[in-house]
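Asks: This is what each chain is made of:
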Amino acid sequence: MSGAEEHRDLLAAEYVLGVLEGPEREDVVRRADRDNALSVAIAEWEERLAPLSALVAPVAPPAALWQRVEASCGLMAAPLAPAPSRPAATSARGAKGRGFWDALGFWRGTTAVGFGLAAAIAVVAVVNRPVPPAPAPASSPEIPLASAVLAPSTGGAPAFVAEATPGKTIVLKPLERLSLASGKDYELWALPDGETVPKALGVISKAGQTVTLPATIHAPLQLMVSLEQKGGSSTGLPQGPVLWLGHLSALD
Amino acid sequence: MRECPGLLTQRSGSRDDSDSELTALLSRCASGDRAAFRSLYDAQSARLHGLALRITRDPGLAADATHDAFVQVWNQAVRFDPSRGAAGAWLTSIVRYRALDITRRRVREKPGYEPPEQEDESPDALAQLVTSAEGAALRHCLEELEPDRRALLMQAYADGLSHSELAEKTGTPLGTIKSWIRRSLAGLKRCLES
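As they're listed, the protein sequences go chains A and B.
The numbering of the first sequence is the numbering used here, which starts it at 1 and goes up by one.
The numbering of the second sequence is the numbering used here, which starts it at 1 and goes up by one.
Keep in mind the hints are simulated off the structure, nothing from the lab.
Ideal Cβ placement from N, Cα and C applies to all residues, glycine included.
Hints are not guaranteed to be accurate.
[Said to hold, decoys possible] A partial selection of chain B residues facing chain A, derived with a Cβ cut-off under 7 Å:
no. : residue
1   : Arg34
2   : Thr66
3   : Val71
4   : Trp74
5   : Asn75
6   : Ala86
7   : Ser93
8   : Gly160
9   : Thr170
10  : Gly171
11  : Leu185
12  : Gly187
13  : Cys191
[As the list claims (entries may be wrong)] Per the computed footprint, the stretches of chain B lying under chain A, defined by three or more beta-carbons under 8 Å from a beta-carbon of chain A, are:
no. : segment
14  : 38-46
15  : 133-146
[What the hints assert, rightly or not] Partial list, derived from the structure: chain A residues whose beta carbon lies under 8 Å from chain B:
no. : residue
16  : Ala13
17  : Gly18
18  : Leu52
19  : Val56
20  : Ser179
Next up, chain B with everything else stripped away, as it sits in the complex (with noise of 0.2 Å):
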């Protein structure tokens, strides 16, 4: 491990000072500096992998997820435009689209595959949200909804379910669970923009 700035903390996924950071090794990739390449690796790499575990529940494709978004980085490190959005978010979306797309060709190729059982998100979970202004924001909006709304968004979001997913999880026609997200959605919404 070369550089490994202490800023660049691996849980945070929101616009900060270590977001600036982020971007500023996200341009110095773009234009081909591979050492900038190499810090964000070693900034990001444990953050995204987590991500990537968590939705494909299995070491070798979550291995391929987190390669394939780190070159994707590296490629499109020159499209990234700050302007639209935070560098941590962008690289939380990239792995986590990787990962999707990756879960899902596997489920679609292997009928018969069934992921290993996720752990339920414990209750102090929302807890780990206070990193930042954004995530202290984001948890006061979550803990607005019910409590069985707030966890579907949750395992969503983390574990990666789709709406017939997370339909047959909970036992709830889908949809039923697909109003519920959308009006968890737009409540969300509403009350960080409030």
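Bound-form chain A, shown alone (with noise of 0.2 Å):
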């Protein structure tokens, strides 16, 4: 093992162990996305030390604890088990997802996880800077037009943020370490609002890239990462489950 590789190594048993902190943490959680050497040597680590995890005693979790993760999973519909505190709230985001959803009528029948996906929307975060009143100067590109953040449709951690900037173009940044199963890709779809049929946009790497938009597609719009045979869906419509999503108000 060479000097790099065993240094590569350490710190991945030292992410794993958990003493590394703040942004030596993140810096290993970036890092790995792309290293997949480091993501390997990650897996290994989980894997060696697990075992440790056997010191701890098991504790039960609080009795209502399933049902919220039901709920925040969008599996509360048909309950396996009573449910008897199940909160309206809840309820009512779920029945609001499912009518979305149906509208989406034919290809969301064609997706692994129609159970996730019939799940409420939720939009978790949409960053909305104000439309400037000229073109946004060209001294300050990196100013993105508007931001959304793609997360599970279920509520789970976000995995991308994409930023509009000029020309029509997405920047997609991940916002953690993605593994992807050998054999698949992730693709990217585009939603306008008010249509139906998702448009694709393309394989994306999950270390993130830059998407130019043809010139038909109109914000606002919901993009779309589904997980995809390699190469991408062959129908021109997602044959994978969608991972994640966001809404985006605005393209520049």
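Starting from the two chains in their separate frames, assemble the complex, guided by the hints.
Replies: Structure follows, in structure tokens:
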């Protein structure tokens, strides 16, 4: 093992052990997304140290936690176990979500996680900047007009932030280490508000990339990332589950 | 509680018979099978919640971490790749990282926040590891380390203590802690691979 390999392996070990903090820890997460050897080293250390988890005694979680998990995953519609205290707000949210996805009709059925998709569409966070009265000055191209955070429809951790930049382009940046099974790809889709058929924007790198949108696509729109076979969906519609989505209010 | 497969031991975090059952449940979760998700929850929630509680040292934060971890498991089951590691270890990592993030954010946001003290590991804690072949090998290799170095690794993993928290707790300079941990981890790997 070379010096660099050894350093990478120890960094993975420290990350898994949990001793890194703040920027050091975040740096490993970012690097692992680009550096497959680091992400493999992390997986190896996770497995190597996993028996240590037996040091900690199991503790039953609060009884209501399952219902909370179920609600967050959008699984409340037909509970498997009696769920006596279903919060009204959650049901309403779920119903709204189903309506939206029903509108997407025919392609919804092709996804592998129909239940997940039936969940509430949480537009988790849309960061809008005021639309400038004139085109943004060339000196500050780094300030996006609008951005969207792409998160699971069921409310888990966001995976990408998408920023609208001049020239009708979107810059996608990953927020966490994304691992992609071999033989799979992430594909980006745009679904303009009011439309029912998503448009394919192509396969994207898990390390993020810049995508230029066709002139025919107009904001506001929903951006979605689905998991597809290598090379992307062959039908022009998502075939795999939509993993993350977010709403983009404007394009530049 | 519906299905509660007896083989899915709550203490196991490593690859063995029960792990292939976990892998099968995760693969069913990936295709949207809610019954599989419920079985996975029944089988693993106490084990994972125990880990979250130990790291967060706060019942509310631990419940948040366990909740987030299961939501992540459901959403990312399609991304679990058994060729890269065992299912139990994958679940363990998800809840540990979540608990670490939540705890450290709390410490950052509330500078005065002091999590309650944790009891030290009991001397026979290592005996707990012998629940699988991997656990026995790891125990053997941990026993090759100096007792104080071994204790550092166990505290870091189980209690989620960072370099600086370990330095403060043991009254040892930060640089020394870092190099002790690096050397211990390197030694552990050598021993496990020999």
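Asks: Decide, hint by hint, whether the structure agrees.
Replies: Okay, the hints, checked on the actual structure:
1. For Arg34 of chain B, the interface hint holds, since its Cβ comes within 7 Å of a Cβ in chain A; the closest pair sits about 6 Å apart.
2. Evaluation of the Thr66 of chain B hint against chain A yields a held restraint, the C-beta minimum of about 5 Å falling below 7 Å.
3. At its closest, the beta carbon of Val71 of chain B sits 5 Å from a beta carbon of chain A; the interface hint therefore holds under the 7 Å criterion.
4. Interface restraint check for Trp74 of chain B: the shortest CB-CB distance to chain A comes to about 5 Å, inside 7 Å, so the restraint holds.
5. For Asn75 of chain B, the shortest C-beta to C-beta distance to chain A is roughly 4 Å, which falls under 7 Å, so the interface hint holds.
6. At a threshold of 7 Å, the smallest CB-CB gap from Ala86 of chain B to chain A is about 6 Å, leaving the interface hint in force.
7. The beta carbon of Ser93 of chain B comes within 5 Å of a beta carbon in chain A, closer than 7 Å, and the hint placing it at the interface holds.
8. Among the interface hints, the one on Gly160 of chain B holds; its C-beta lies about 5 Å from the nearest C-beta in chain A, closer than the 7 Å criterion.
9. A hinted interface residue such as Thr170 of chain B counts as satisfied when its beta carbon comes closer than 7 Å to some beta carbon of chain A; here the least separation is about 13 Å, so the hint is violated.
10. With 7 Å as the threshold, the beta carbon of Gly171 of chain B stays out of range of chain A, its nearest partner Cβ sitting at about 17 Å, so the hint is violated.
11. Evaluation of the Leu185 of chain B hint against chain A yields a held restraint, the C-beta minimum of about 4 Å falling below 7 Å.
12. The beta carbon of Gly187 of chain B comes no nearer than 11 Å to any beta carbon in chain A, farther than 7 Å, and the hint placing it at the interface is violated.
13. Interface restraint check for Cys191 of chain B: the shortest CB-CB distance to chain A comes to about 11 Å, outside 7 Å, so the restraint is violated.
14. Closer than 8 Å: that is the beta-carbon criterion, and the segment 38-46 of chain B has 4 residues meeting it against chain A, so the requirement of 3 holds.
15. For the segment 133-146 of chain B, the stated coverage by chain A holds: 4 residues have a C-beta nearer than 8 Å to a C-beta of that chain, and at least 3 were required.
16. Taking 8 Å as the C-beta cut-off, the interface hint given for Ala13 of chain A holds, the closest approach to chain B being about 4 Å.
17. The restraint placing Gly18 of chain A at the interface with chain B holds, with a minimum CB-CB distance near 5 Å, inside the 8 Å limit.
18. Given hint, Leu52 of chain A at the interface with chain B, holds; its Cβ is 5 Å from that chain's nearest Cβ, closer than 8 Å.
19. The closest approach between the C-beta of Val56 of chain A and any C-beta of chain B is roughly 5 Å, which is under the 8 Å cut-off, so the hint is satisfied.
20. The closest approach between the C-beta of Ser179 of chain A and any C-beta of chain B is roughly 6 Å, which is under the 8 Å cut-off, so the hint is satisfied.
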